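Asks: Sequence:
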Amino acid sequence: MTNHIDWDELLKREDKLLANSDRKHRYHFKSMDSMSEELLFQESVLKYQEHEPEAVESEDFIETIKNEKLANALRQLTPKQRKALELAYWKGYKHWEIATAMGCKRNTVTELLARALERVSRYMAD
519 MTNHIDWDEL LKREDKLLAN SDRKHRYHFK SMDSMSEELL FQESVLKYQE
569 HEPEAVESED FIETIKNEKL ANALRQLTPK QRKALELAYW KGYKHWEIAT
619 AMGCKRNTVT ELLARALERV SRYMAD
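Be aware that the sequence shown starts at 519, since it is given in the working numbering, and climbs by one per residue.
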């Protein structure tokens, strides 16, 4: 009785097993990366919410400004623009953190800040 091993067939099966195994590992690691990104995002949201004073209104930061013309310029902004400016420049939050806090997209925060700064600079130039 002769044992004849078809090496080509055996190697093909082994290659197929390795390819499937590699694909599973790539899928697993990709999903782990996604989960870690989501956890980091949720952690940052919680961090923001813990540090956000609940009773502080946007008007409070305007009261701390000694330049009356600048304070008046800030009062001319919409509430959203004032809040975005407060979070970005008085509290030092990043755009994506502000977007999370305000429930909007990061691009919206960028636009809010750009319009607010434009309005303030026009008011200050008059």
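Take the hints with a grain of salt, since some may be wrong.
What the hints assert, rightly or not - Straight-line distance between alpha carbons at most 30 Å, and here's what the computed DSSO-like set of lysine-lysine pairs gives:
id, residue 1, residue 2
1, K584, K612
2, K587, K609
3, K612, K623
4, K584, K601
5, K598, K587
6, K601, K612
7, K623, K601
8, K598, K623
9, K609, K584
10, K598, K584
11, K587, K601
12, K609, K598
13, K612, K587
14, K609, K623
15, K598, K612
Think of the hints as simulated: they come from the structure by calculation, not from any bench.
Computed from a predicted structure; not experimentally measured.
Asks: Which earlier hints can't be squared with this structure?
Replies: Violated: none.
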